[in-house]
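These protein sequences, in sequence, are chains G and D.
In terms of the working numbering, the first sequence is residues 140 to 418.
In terms of the working numbering, the second sequence is residues 1496 to 1680.
Derived by calculation from the structure, the hints in this document are not laboratory data.
Just so you know, not all the hints are guaranteed correct.
As the list claims (entries may be wrong) - Using 35 Å as the maximum straight-line C-alpha spacing, the simulated DSBU-like pairs for lysine-lysine come out as follows: (1) D:Lys1549 x G:Lys176; (2) G:Lys171 x D:Lys1633; (3) D:Lys1633 x G:Lys186; (4) G:Lys176 x D:Lys1614; (5) G:Lys155 x D:Lys1633; (6) G:Lys411 x D:Lys1633; (7) D:Lys1564 x G:Lys182; (8) G:Lys191 x D:Lys1549; (9) G:Lys193 x G:Lys343.
Here are the chains, one letter per residue:
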Amino acid sequence: MTVTDQDFQLFIFALKTSSKYDFSEYSEKSLKRRLTKILADNKLNIKLLLNKIKTDPEFVEQIVKEVTVNTTELFRDPQVWHALRYTILPKLRNNSVINIWHAGCSTGQEVYSMMIVLNEIGLLDKTKIYATDINTDVIEQAQKGEYKYRFNIGYLDNFDKVIKENPYNYEEYYDVPYEKYFSINKATDTIQMHDFLRNKPIYKKHDLVKENNTLFVKFDIILCRNVIIYFNYNLQGRVFDLYHRNLYDNGCLILGMHETILGSYSVKFQKKGHAYYKA
Amino acid sequence: MNYKAVIIGGSAGSFQIVTRILNSLNPNFPLPVLLCLHRLKHVRSGFVEALSLKSNIPISEPYDKDQLKPGNAYLAPANYHMFVELANRIALSTDEPVNHSRPSIDLSFVTAANAYRDKLIGIILSGANRDGAFGLKKVVDNGGLSIVQDPQESEVKTMPTSALQLTKVDYVYTTDQIIRFLQKL
Chain G
140 MTVTDQDFQL FIFALKTSSK YDFSEYSEKS LKRRLTKILA DNKLNIKLLL NKIKTDPEFV
200 EQIVKEVTVN TTELFRDPQV WHALRYTILP KLRNNSVINI WHAGCSTGQE VYSMMIVLNE
260 IGLLDKTKIY ATDINTDVIE QAQKGEYKYR FNIGYLDNFD KVIKENPYNY EEYYDVPYEK
320 YFSINKATDT IQMHDFLRNK PIYKKHDLVK ENNTLFVKFD IILCRNVIIY FNYNLQGRVF
380 DLYHRNLYDN GCLILGMHET ILGSYSVKFQ KKGHAYYKA
Chain D
1496 MNYKAVIIGG SAGSFQIVTR ILNSLNPNFP LPVLLCLHRL KHVRSGFVEA LSLKSNIPIS
1556 EPYDKDQLKP GNAYLAPANY HMFVELANRI ALSTDEPVNH SRPSIDLSFV TAANAYRDKL
1616 IGIILSGANR DGAFGLKKVV DNGGLSIVQD PQESEVKTMP TSALQLTKVD YVYTTDQIIR
1676 FLQKL
């Protein structure tokens, strides 16, 4: 079934008027596709869907979870993690505390990636990790720290590239066993993160569309990777403003590989390698 | 000439063909060229550099919301889906893989077909899975022009054959014919 422009607008309007969620500034292509999928998965037509949105708050919560994209990987884009490990994080070595915010953390793979890198360079203890998402289901999964093994076999390659190899010196090799951070159980097809990582972050539900900084600290690094691609230009501006106000003066923002800062905020950040520093 | 964009999809066996096409285009080619090509999971970088070596037009892996310009080629970045939004802009997404692929050719073609309607030229090249067949159908359904690489000439036939099974396409062309067609635009 195809979703017409009118159906789509009615859907956005229903959510906006009968719930606290506003998707009107989400990028349309992806959202429309998700809506089509929701209708098919729940065997609903648009009329029934709109009715349920107006009358069933629990259903709305479920829809919000289905409409947001939750794909993430351990050490996605190893070159970004190289930059964090060898350039960005070492500059914070003399801080008494390092504050990091994973905004739109999804199921937590990047939160774990960060903690593993921090631990390898001896900075984990002094770092406070905050992780937020609009979807409480994915936050629960992040807290659990359990991932499918076979489906995510690429995680191990990325781990090797970031943790074992040094891209700046090919003769160096750190023989770090996976078991230092997670256990692999092939029988149950799981990767289970160890408790000292699982219990470290502070997780909180947060909606980037509407909410201010509800963590009440400023940050040295904000990671928000492949989240703003789902936002339109206006909403991106709001989010850049939020990040700009809540970064320390020498703080930086890390975006996805193919995301960039457009519009008036482009001059308020200075790009150095993979990081956008507050200018 | 009424067209507004060319979109090319390919997988295994298409790299050489795309290289030849880019090498034969006029530097003032009048349209943006969208490329959605599958690549091996571990080859996430170096692809655009390899393609640009012999390309007559600039080629890049675009950023989200980049504006499409005539005479430029845009390669779907590794591990992202590449959509075309209205107003000639790229949108990227990390949605789940479609047809085991991210980027998915179907998704790029469907969104381009929606954005450009009958002003789009869709081309499917050699490849080892069915991705792209549905997308090319959408190009045709929206009145766009469809070309499939001649399976006889394709290194891997699955992708062109699947596209031909699903849709009555305008042209089945060899690489040389595709090149000549594009040169006349």
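Hints, one by one, checked against the model:
no.: 1; hint: D:Lys1549 x G:Lys176; result: 41 Å, violated
no.: 2; hint: G:Lys171 x D:Lys1633; result: 16 Å, holds
no.: 3; hint: D:Lys1633 x G:Lys186; result: 26 Å, holds
no.: 4; hint: G:Lys176 x D:Lys1614; result: 28 Å, holds
no.: 5; hint: G:Lys155 x D:Lys1633; result: 32 Å, holds
no.: 6; hint: G:Lys411 x D:Lys1633; result: 41 Å, violated
no.: 7; hint: D:Lys1564 x G:Lys182; result: 41 Å, violated
no.: 8; hint: G:Lys191 x D:Lys1549; result: 55 Å, violated
no.: 9; hint: G:Lys193 x G:Lys343; result: 26 Å, holds
In this structure, the hints that do not hold are numbers 1, 6, 7 and 8, in rising order.
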